[in-house]
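Trainee: Each chain, letter by letter, is given below.
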Amino acid sequence: MKLLDYFRSQRRRSAAVAKERLQIIVARERTPRGGPDYLPLLKEELLNVVRKYVAIDPDAVKIRLDREGDCEVLELNITLLPEAAAARSSRG
Amino acid sequence: MARIIVVTSGKGGVGKTTTAAAISTGLALKGHKTVVIDFDVGLRNLDLIMGCERRVVYDFVNVINREATLNQALIRDKRVDGLAILPASQTRDKDALTKEGVERVLEELSKDYDYIVCDSPAGIERGALLAAYFADDAIVVTNPEVSSVRDSDRILGILAAKTRRAELGQERVKEYLLLTRYSAARVQKGEMLSVDDVREILAIDLLGVIPESKSVLQASNAGIPVILDKDSDAGQAYDDAVARYLGENRPHRFLVEKRGLLGRLFGT
Chain W
0 MKLLDYFRSQ
10 RRRSAAVAKE
20 RLQIIVARER
30 TPRGGPDYLP
40 LLKEELLNVV
50 RKYVAIDPDA
60 VKIRLDREGD
70 CEVLELNITL
80 LPEAAAARSS
90 RG
Chain Y
0 MARIIVVTSG
10 KGGVGKTTTA
20 AAISTGLALK
30 GHKTVVIDFD
40 VGLRNLDLIM
50 GCERRVVYDF
60 VNVINREATL
70 NQALIRDKRV
80 DGLAILPASQ
90 TRDKDALTKE
100 GVERVLEELS
110 KDYDYIVCDS
120 PAGIERGALL
130 AAYFADDAIV
140 VTNPEVSSVR
150 DSDRILGILA
160 AKTRRAELGQ
170 ERVKEYLLLT
180 RYSAARVQKG
190 EMLSVDDVRE
200 ILAIDLLGVI
210 PESKSVLQAS
220 NAGIPVILDK
230 DSDAGQAYDD
240 AVARYLGENR
250 PHRFLVEKRG
260 LLGRLFGT
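Chains as they are written, first to last, in numbering that gives the first Met the number 0: chain W, 0 to 91; chain Y, 0 to 267.
Listed below are the simulated BS3-like cross-link pairs for lysine-lysine, each with C-alpha atoms no more than 25 Å apart in a straight line:
(1) Y:K77 x Y:K229
(2) Y:K93 x Y:K10
(3) W:K18 x Y:K10
(4) W:K18 x Y:K188
(5) Y:K32 x Y:K77
(6) Y:K110 x Y:K173
No wet-lab data here; the hints were simulated from the structure.
The shape of chain Y in the complex, shown without the other chains (with noise of 0.2 Å):
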């Protein structure tokens, strides 16, 4: 059985598309077998962010309404063994997605993958729903901001009511925080939310800090994951969410500005 990870935030642009992207190569880096699914119908954009945007020809609705098979339509990754991109549609009905043509598929993937990552569409409709409701663990993409912060309390709210382990009365969808955009200089400064603010508002677990980074555009532009960027501080904070979830203990890093020498003189 594989365990299903949403990525979520509701709030759109705090970066889950580079995060589901990042996780599921680092999952994969690590020697488990994972997929990770689009499910923005209509504004497809893993893809791109993968890399793999000339290699779609079958999408996630095209399997779910069986004009295609899951084989046909994933596209496996050529840098990392062992990870697959499950493209969402670009058609314009939003109905596209059903519950049970989700289930079916998340149910044929759970054979053969041990993670499946589903990288939610912003807002909190259909999509965004179904993204969310058949998740085990959580990873809710917060940026140190007003609006992103109260659009992830919603988002808590929804995985603790509309979700099946909800529905059904299980043990709860495991909650994770990942806070990006991150700048420790501002925080410093007091412009800026700290970890430790977000965290005490949101009360979940804290599963890194990846920090405002020039790198995260430099791999969208190419394509790569950012995690794929060992040289980046965004990659290794990547790397380091990645081992937490799967249960290291690893430090917390990027949370304090490196400062210059014109900074140790003149700072306080």
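Just chain W, same shape as in the assembly (with noise of 0.2 Å):
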């Protein structure tokens, strides 16, 4: 019987995996539609304001929103060139 329910666990996570993956994508895919479209108009601003202080690279900004429970995070992440970095490092 112990063999018997190890293929049963088997496969009985392979719909499981399924379902969590689906549920990952899907709602990755969705946040355009979902989320609040001010999204992009934040990011420009953001990164205007940055570029005031520091050279960056359009593309270096990654903008998300994740949901955490009953939270939403906004997370900014901004990749720093690095003649910039060193230029800041120099100045200072």
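Grab the two chains, each in its own frame, and use the hints to assemble them into the complex.
Mentor: Printed below as a string of structure tokens:
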């Protein structure tokens, strides 16, 4: 019976895995549709503010909205160019 | 005014045409004048599934281009009263369908028919977008399988944004989930997404569950919509789906595997 259970649990996992993967990918792909439409504009304005002080690549800004339980988390990720970082440290 | 139903899915091969044929036949059997239109320009197949491929003279694009009248192009079903088929064109011209042309044909059909069923091509290109654009209701055909569910979700996004109802700010297109090729036995073994899993992910009303069935291939082999095979599980499931669409409250069947003696003895 143990052997049978083993195979059964393997199988049970495949539908569960499918469901979990789908929930994640669908949630991610839905964001532009379900999420607020101010995100692109917000990104643009933030980019302009940061640009006043450091040179950044427009593509180096990642902005995403995640849901964690009851909280919505706005995550902003800006990668500074190496030369920009160097210029800043020499100035300071 | 006719009610316009789009049968759509995003992914190919999930059973859109089988469903369009079955649902339109079912609506006509219930006494509603129904026309089913094949939007898959270049890859006409609804005629084969409906068994009228040898009666095609003019097609949808001929009517749009005013090379034929609707009356000349419509094929009246020989088995069911009040059912007509408008076949797709086999042209390779991708731009053969125009929004204005489709709108004019739908308006004209609207005068004579109660339901217009639009059989969408796979994908999210022109034909699929036009099949969905004028819809009042959408039947989203989905297999319990990851790529199909994901594509269905994309289609739901399109229905919410790129339809006439969405653009005019009207009441949104009513979306129904039709889960096809469902194997209750495999779901019970944990090998296949269950109807509840798919409902939870897509979050739309369930119109029906069509079991994986030999009768579907037999029906398409013969050119007889499977809903006319009243002894088959798939035919009965489609009959239930049509009744539910029309507002009847029918319990879902075929969600549990019928077990044989061996299954009952050794199953858990």
